[in-house]
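Based on the provided sequences and hints, a complete structural model is requested.
Protein chains in written order, with my numbering: chain W, 23 to 540; chain Z, 18 to 123.
By construction, these hints were calculated from the structure, which means they are not laboratory data.
It is possible that some hints are incorrect.
Below, simulated DSS-like cross-link-like pairs (lysine-lysine); rule was C-alpha separation at most 30 Å, straight line [claimed, not checked]:
(1) W:327 to W:96
(2) W:244 to W:220
(3) W:524 to W:495
(4) W:274 to W:402
(5) W:96 to W:509
(6) W:288 to Z:121
(7) W:402 to W:490
(8) Z:121 to W:389
(9) Z:121 to W:274
(10) Z:81 to W:244
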Amino acid sequence: MSTTAPAAVYWDPYRPDFWMDPYPTFRRLREEAPLYRNEQYDFYAVSRFADVEAAFNDRETFSSSRGDILEYIKADMDIPSGMFIWEDPPAHSVHRGVLTRVFTPRRMNELEQRIRAFCVRCLDPLVGAGRFDFVADFGAEMPMRVIGMLLGIPEEDQVGIREKVDAALRTEAGKPLEVSQASYKGAGFEEYIDWRAKHPSDDLMTELLQTEFQDETGARRKLTRQEVLIFVNLLAGAGNETTTRLIGWTGKVLGDHPDQRAELVKNPALIPNAVEELLRYEPPGPAVARYVTRDVELHGRTVPKGSAMLMLVASANRDERRYENGERFDVHRQGPPHISFGRGVHACLGSALARVEGRVAIDELLKRFPSWTVDFDNAKLSSTSTVRGWDNLPAFIGDGLARAARARAPQSAAPAQSAAAAQDGEAWELALSTPVGQQNLSARIVRNGATFTGTMTGEMGVQDITGKIAGNKLSWTLSLTKPMAIKLSFDATVEGDAMSGKVRFGMFGGGALSGKRI
Amino acid sequence: MAMITYVEFDGRERVLDIAAGSSVMQGAVNNNVRGIIAECGGSCSCATCHVYVDEAWMGRLANKTEPENALLDAVCAPRPNSRLACQIEVSEALDGLIVRIPAKQV
Numbered sequence: 023m024s025t026t027a028p029a030a031v032y033w034d035p036y037r038p039d040f041w042m043d044p045y046p047t048f049r050r051l052r053e054e055a056p057l058y059r060n061e062q063y064d065f066y067a068v069s070r071f072a073d074v075e076a077a078f079n080d081r082e083t084f085s086s087s088r089g090d091i092l093e094y095i096k097a098d099m100d101i102p103s104g105m106f107i108w109e110d111p112p113a114h115s116v117h118r119g120v121l122t123r124v125f126t127p128r129r130m131n132e133l134e135q136r137i138r139a140f141c142v143r144c145l146d147p148l149v150g151a152g153r154f155d156f157v158a159d160f161g162a163e164m165p166m167r168v169i170g171m172l173l174g175i176p177e178e179d180q181v182g183i184r185e186k187v188d189a190a191l192r193t194e195a196g197k198p199l200e201v202s203q204a205s206y207k208g209a210g211f212e213e214y215i216d217w218r219a220k221h222p223s224d225d226l227m228t229e230l231l232q233t234e235f236q237d238e239t240g241a242r243r244k245l246t247r248q249e250v251l252i253f254v255n256l257l258a259g260a261g262n263e264t265t266t267r268l269i270g271w272t273g274k275v276l277g278d279h280p281d282q283r284a285e286l287v288k289n290p291a292l293i294p295n296a297v298e299e300l301l302r303y304e305p306p307g308p309a310v311a312r313y314v315t316r317d318v319e320l321h322g323r324t325v326p327k328g329s330a331m332l333m334l335v336a337s338a339n340r341d342e343r344r345y346e347n348g349e350r351f352d353v354h355r356q357g358p359p360h361i362s363f364g365r366g367v368h369a370c371l372g373s374a375l376a377r378v379e380g381r382v383a384i385d386e387l388l389k390r391f392p393s394w395t396v397d398f399d400n401a402k403l404s405s406t407s408t409v410r411g412w413d414n415l416p417a418f419i420g421d422g423l424a425r426a427a428r429a430r431a432p433q434s435a436a437p438a439q440s441a442a443a444a445q446d447g448e449a450w451e452l453a454l455s456t457p458v459g460q461q462n463l464s465a466r467i468v469r470n471g472a473t474f475t476g477t478m479t480g481e482m483g484v485q486d487i488t489g490k491i492a493g494n495k496l497s498w499t500l501s502l503t504k505p506m507a508i509k510l511s512f513d514a515t516v517e518g519d520a521m522s523g524k525v526r527f528g529m530f531g532g533g534a535l536s537g538k539r540i
Numbered sequence: 018m019a020m021i022t023y024v025e026f027d028g029r030e031r032v033l034d035i036a037a038g039s040s041v042m043q044g045a046v047n048n049n050v051r052g053i054i055a056e057c058g059g060s061c062s063c064a065t066c067h068v069y070v071d072e073a074w075m076g077r078l079a080n081k082t083e084p085e086n087a088l089l090d091a092v093c094a095p096r097p098n099s100r101l102a103c104q105i106e107v108s109e110a111l112d113g114l115i116v117r118i119p120a121k122q123v
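Dropping the structure here:
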């Protein structure tokens with residue numbers, strides 16, 4: 023593992039071009055720099071299976087207490103009680119224990135028929151269309167419905183609450199669903215939790231509200247409202263985004279391997295194994311971070327206490343030391359299990375659900391669409407700090423391919439919102455309370471009936487926004503790529519020259535928003 | 018050391034020498050016995066190292082803990098001789114133990 027100076031391997035998680043195909047670099051990391059150090063972003067990384075697995079299992083040295091995302095570890099923020107993925111035992115054991123019984127393999131398998139029904143509801147309308155988007159039409163839709171059902175978000179009635187929750191969960195006709203908009207709408211959950219506390223049912227939300235447990239101090243108690251809210255937000259986020267990516271990767275990888283796809287069509291009994299292989303080959307969460315609590319020796323060097331360590335799951339999954347022909351996709355693979363759900367006390371709580379969803383999704387998909395061709399010209403891959411996958415993965419099905427040739431004419435990009443238009447309109451100064459302190463932004467908006475366009479300006483530079491207007495309420499989202507990829511959702515009420523409301527930071531909770539007209 | 022027989026779901030037998038102090042799950046994972054996932058690495062929280070212990074051995078294992086019982090309640094196809102392999106600690110006394118691995122963990 024000597025490193026030749028002129029071409030020392032370089033890797034960082036912030037380069038989109040790198041994420042297009044990270045595997046050649048991962049291979050080099052495994053061979054040339056099994057303990058990789060990135061000075062610029064100040065982190066270490068391990069890439070071999072054995073090292074990744076050992077780090078997962080050594081939770082005392084590699085702690086989750088500062089988060090499992092590089093940027094959060096560096097920010098050293100306070101973690102609210104109940105954010106169990108970012109806790110160490112004993113608090114972690116207690117909080118996770120409350121949920122463990124809910125997410126067991128059998129309980130998840132009992133959901134199969136209902137999951138199937140959601141798949142059918144998504145896929146049936148697409149038959150005959152000639153073209154569909156694996157993510158927008160299916161991957162973003164089904165997991166959201168499933169987790170919504172599990173949590174107990176009602177499908178009908180319960181007028182007031184249902185309208186709010188459902189508005190957050192509904193996609194506009196003809197438009198791709200915004201997963202984050204659907205899953206992170208804290209306000210809907212808050213009101214729903216309060217309503218559910220008074221109207222218990224047989225759903226997870228009720229179970230969370232009623233469960234008594236022994237907390238880390240030994241006291242028997244129920245979860246606090248804030249803990250329930252964190253659980254629900256966490257589950258809604260985790261239950262959506264990851265499985266959405268798995269379905270996107272299914273479209274991509276099976277599209278790249280039509281022979282194996284044909285085998286699955288012929289022999290659906292192979293599908294459960296194919297799900298495992300897809301998870302190994304393209305894990306939706308390719309890297310996980312930990313905080314290093316003490317000096318630790320790795321590959322002859324000392325990783326100092328206080329460092330951030332990245333575990334490259336996607337690399338470990340293809341490590342030839344463990345997987346024969348690790349770079350080869352093979353639905354028949356019978357080798358050792360992948361590590362995409364992690365290992366140890368933080369191993370993915372929802373893995374059983376993900377597996378059932380994956381299995382049923384592929385089954386129902388292949389029944390209707392035994393072959394497709396991915397339209398890469400219009401596909402979009404993105405990598406956030408937590409997941410990597412397709413935001414859009416359109417594909418041509420059946421004779422859609424023939425139509426494709428004609429349709430190949432470049433579709434114009436999304437209608438440009440000219441920054442110039444935002445020179446006029448209203449100007450606002452906004453203050454956000456965030457997990458890492460107050461942030462100040464300015465915004466300009468130009469109203470146009472029930473919508474508006476504009477810009478937001480802050481540390482991230484200037485970014486275009488579009489939003490909705492309902493009476494004196496404005497709502498919009500802002501996607502940041504720095505310091506981390508995250509989507510901010512704003513809900514604000516305008517009273518004269520003042521604005522007040524809430525902002526959600528992806529799955530990481532929310533904060534207050536205030537603003538004044540300038 | 019103890020010789021432990023793992024019977025994979027298709028009947029294939031693996032007879033392996035497992036170190037005392039390790040677990041039946043760890044022995045399986047280290048030797049790539051098929052059908053044991055063991056996602057949580059032995060922290061008794063995922064129920065993916067489910068095995069059927071040979072009846073002759075049922076009375077000779079340490080009792081199940083409350084968390085194990087709760088998870089066993091939730092595995093696919095539980096039987097009276099179901100155990101989580103991560104909760105069976107290997108000792109000389111288990112020399113000759115036979116465990117059968119279910120067709121599916123999840």
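For each hint, the structure was consulted:
no., hint, result
1, W:327 to W:96, "holds, 13 Å"
2, W:244 to W:220, "holds, 15 Å"
3, W:524 to W:495, "holds, 11 Å"
4, W:274 to W:402, "holds, 11 Å"
5, W:96 to W:509, "holds, 19 Å"
6, W:288 to Z:121, "holds, 21 Å"
7, W:402 to W:490, "holds, 25 Å"
8, Z:121 to W:389, "holds, 23 Å"
9, Z:121 to W:274, "holds, 27 Å"
10, Z:81 to W:244, "holds, 27 Å"
Checked against the numbered hints listed earlier, the structure breaks none of them; every hint is satisfied.
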